[in-house]
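Undergrad: The chain contents come next:
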Amino acid sequence: AQSVAQPEDQVNVAEGNPLTVKCTYSVSGNPYLFWYVQYPNRGLQFLLKYITGDNLVKGSYGFEAEFNKSQTSFHLKKPSALVSDSALYFCAVRDIGTGGFKTIFGAGTRLFVKA
Amino acid sequence: GAGVSQSPSNKVTEKGKDVELRCDPISGHTALYWYRQSLGQGLEFLIYFQGNSAPDKSGLPSDRFSAERTGGSVSTLTIQRTQQEDSAVYLCASSWGTRASTDTQYFGPGTRLTVL
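One line per chain: the protein sequences are H and W, in this order. Residue 1 is where the first sequence starts when you use the working numbering, and the numbers rise one by one after that. Residue 1001 is where the second sequence starts when you use the working numbering, and the numbers rise one by one after that.
Same shape as in the complex, but just chain W (with noise of 0.2 Å):
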């Protein structure tokens, strides 16, 4: 059983430029998370999918992110006009979605983003 897979795993830009990440959770969980996290800090949680119900987007940090989940299953996190304090590490992570407040949430091994 394949777990969570993120692509690219590193990915370097250029201040301005637009950027796209890619989460494929565990096949069966309906439940999608996208954190973020900063050099020496914690994860900052984003955006999370359940199923067909509106996702939850009171984590991003400015219009310049948006997400979106296709067929329930695929996810891609897209920044616009990147800038420097974008420059994380992007975290997704799935789960079954049956109990939202008891579910495990299992990680992918992130990708790595650098804004020049």
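Okay, chain H solo, but in the shape it has when bound (with noise of 0.2 Å):
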């Protein structure tokens, strides 16, 4: 079965500094990976996705993610952290042994940025 996990639940940083949200999975076959972003009382937006190619996919509002295979990671990236960066992201996995349509999500990291 496919799953995803977050290891922290909250990662605290300065702003103007470079952050890392970490996200590790268990698939079996071709990962397809995804991060969204929730801010406070609204949904989830999507930031990026890695289907193939590149290890490195650059997504919205300047974060990037780092596929590795070896390490069965995916860890969310930003050189210079905002406050406005401030919020609950979500690291997902597609569930391909339904048919592609199934998301698994992992449980959330809440990043605080702090001024």
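Please note that a few of the clues may not be correct.
Unchecked claim - Listed below are the simulated BS3-like cross-link pairs for lysine-lysine, each with C-alpha atoms no more than 30 Å apart in a straight line:
#1 K114/H - K49/H
#2 K102/H - K69/H
#3 K102/H - K1011/W
#4 K22/H - K69/H
#5 K77/H - K114/H
#6 K114/H - K58/H
#7 K22/H - K114/H
#8 K1057/W - K49/H
#9 K1057/W - K102/H
As the list claims (entries may be wrong) - Residues of chain W clear of chain H, computed beta-carbon distances all greater than 10 Å:
#10 A1002
#11 P1008
#12 K1017
#13 N1052
#14 E1068
#15 G1072
#16 Q1083
#17 S1087
#18 T1114
#19 V1115
Claimed, not checked - Ranges between beta-carbon positions, derived for each pair:
#20 Y61/H - N1010/W: 25 to 33 Å
#21 N1052/W - N12/H: 42 to 50 Å
#22 Q1041/W - A1/H: 17 to 25 Å
#23 S80/H - S1038/W: 28 to 36 Å
#24 N17/H - Q1080/W: 45 to 53 Å
#25 L82/H - Q1041/W: 23 to 31 Å
#26 T1013/W - D9/H: 26 to 34 Å
#27 T52/H - Q1084/W: 40 to 48 Å
#28 Q71/H - V1012/W: 28 to 36 Å
#29 S1027/W - Y61/H: 32 to 40 Å
#30 E64/H - D1018/W: 40 to 48 Å
#31 K1057/W - P40/H: 25 to 33 Å
#32 E1044/W - S80/H: 28 to 36 Å
#33 S1005/W - V83/H: 25 to 33 Å
Note that these hints are calculated values from the structure, not bench results. Just so it is clear, the structure is predicted and the values come from calculations on it, not from any experiment. Beta carbons: idealized from backbone N, C-alpha and C, even for Gly.
With the hints as a guide, bring the two chains together.
TA: Dropping the structure here:
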């Protein structure tokens, strides 16, 4: 069965510093991986996805994620954090076994960026 | 272009009552998904619809939960005889449905359900 883990409940970073939000996955077959962000009282917004190709995927709002097959990781990164990046971040993997429509989400990591 | 819309945005009900939650997907999207997000928890898959295919109901937590999608567009999630543990934010998402494994899902703002 597909699964995804976000080992950190919360990440704290100072504004202007680089940030990393961790995600590891377990899949059978090729991994299709996604990152979403949820701002307070709002739905999830798509940030980026890895399907194939370059291991470094660039997405919205200056975020990027690095796919590492040997470590089964898909960490979200940003070179310089903004206070407005403070939100809840979800990593997700597509469950290919069910035809690909079912998405398994991690528990989420809350990011706090301090001014 | 309108995004995914959900109504109501908030619903407070009494234990034992039935509730209906509505989702309007993005026009042209053939795939529609329902998720549940409990306080402090991640997203829990409930059900998805793809075109005219039979829906995948594998995530529905009990037979009190049901969903339908009329005309391949609007969907309604119904919870019968609500319980306090049903309190959560119910999120709907839609996607083009052309390539299941790589489709990006677009989420609505959610319906916050509180069962007293």
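Undergrad: Take the hints in turn and mark each one as holding or not.
TA: Structure-based check of each hint:
Our distance criterion of 30 Å between C-alpha atoms is met by K114/H and K49/H, whose separation comes to about 27 Å. Proposed proximity of K102/H and K69/H is supported: the alpha carbons are some 22 Å apart, at most 30 Å. For a cut-off of 30 Å, the pair hint linking K102/H to K1011/W stands: about 26 Å separates their Cα positions. A distance of roughly 14 Å separates the Cα atoms of K22/H and K69/H; the hinted pair therefore holds under the 30 Å criterion.
Taking the CA atoms of K77/H and K114/H, the gap is about 17 Å. The hint holds against a cut of 30 Å. For the hint linking K114/H to K58/H, the alpha-carbon distance of about 24 Å falls within 30 Å, and the restraint holds. A C-alpha spacing of about 19 Å is found between K22/H and K114/H, which places the hinted pair at or below 30 Å, so the restraint holds. Proposed proximity of K1057/W and K49/H is supported: the alpha carbons are some 25 Å apart, at most 30 Å.
Taken as a hint, the K1057/W and K102/H pair is honoured in the structure, with Cα atoms around 11 Å apart against an allowance of 30 Å. Every C-beta of chain H lies more than 10 Å from that of A1002/W, the closest at about 13 Å, which supports listing it as non-interface. With a closest Cβ-Cβ approach of about 14 Å to chain H, P1008/W is found to remain outside the 10 Å limit, as its non-interface label requires. For K1017/W, the condition that its CB be more than 10 Å from all CB atoms of chain H holds, with the nearest at approximately 24 Å.
At roughly 14 Å from the closest C-beta of chain H, the C-beta of N1052/W stays outside 10 Å, upholding its exclusion from the interface. For E1068/W, the requirement that its beta carbon stay farther than 10 Å from each beta carbon of chain H is met, with the minimum near 17 Å. The Cβ of G1072/W lies farther than 10 Å from every Cβ of chain H, with a closest approach of about 15 Å, so its non-interface assignment holds. With a closest Cβ-Cβ approach of about 23 Å to chain H, Q1083/W is found to remain outside the 10 Å limit, as its non-interface label requires.
The beta carbon of S1087/W is kept farther than 10 Å from every beta carbon of chain H, the shortest such distance being approximately 16 Å. Every C-beta of chain H lies more than 10 Å from that of T1114/W, the closest at about 14 Å, which supports listing it as non-interface. No Cβ of chain H comes within 10 Å of the Cβ of V1115/W; the nearest lies about 19 Å off, and the non-interface call holds. Checked against the hint of 25 to 33 Å, the pair Y61/H and N1010/W passes, with Cβ atoms roughly 28 Å apart.
Between N1052/W and N12/H the beta carbons are some 48 Å apart, a value that agrees with the proposed interval 42 to 50 Å. Checking the proposed 17 to 25 Å range against Q1041/W and A1/H shows it holds: the Cβ atoms sit about 19 Å from each other. The hint said 28 to 36 Å for the Cβ distance between S80/H and S1038/W, and at roughly 33 Å that hint holds. Judged by the Cβ atoms, the range 45 to 53 Å given for N17/H and Q1080/W holds: they are separated by roughly 50 Å.
Remark: the range hint 23 to 31 Å for L82/H to Q1041/W is upheld by a beta-carbon distance near 27 Å. At roughly 30 Å, the beta carbons of T1013/W and D9/H sit within the given window of 26 to 34 Å. Checking the proposed 40 to 48 Å range against T52/H and Q1084/W shows it holds: the Cβ atoms sit about 45 Å from each other. At about 45 Å, the CB distance of Q71/H to V1012/W disagrees with the hint of 28 to 36 Å.
Taking 32 to 40 Å as the suggested C-beta distance range, the pair S1027/W and Y61/H does not conform, at roughly 26 Å. Evaluation of the 40 to 48 Å hint for E64/H and D1018/W yields a pass: the beta carbon distance comes to about 45 Å. Remark: the range hint 25 to 33 Å for K1057/W to P40/H is upheld by a beta-carbon distance near 31 Å. Under the hint 28 to 36 Å, the C-beta atoms of E1044/W and S80/H, about 34 Å apart, fit the expected range.
In this structure the supplied range 25 to 33 Å holds for S1005/W paired with V83/H, their Cβ-Cβ distance being about 29 Å.
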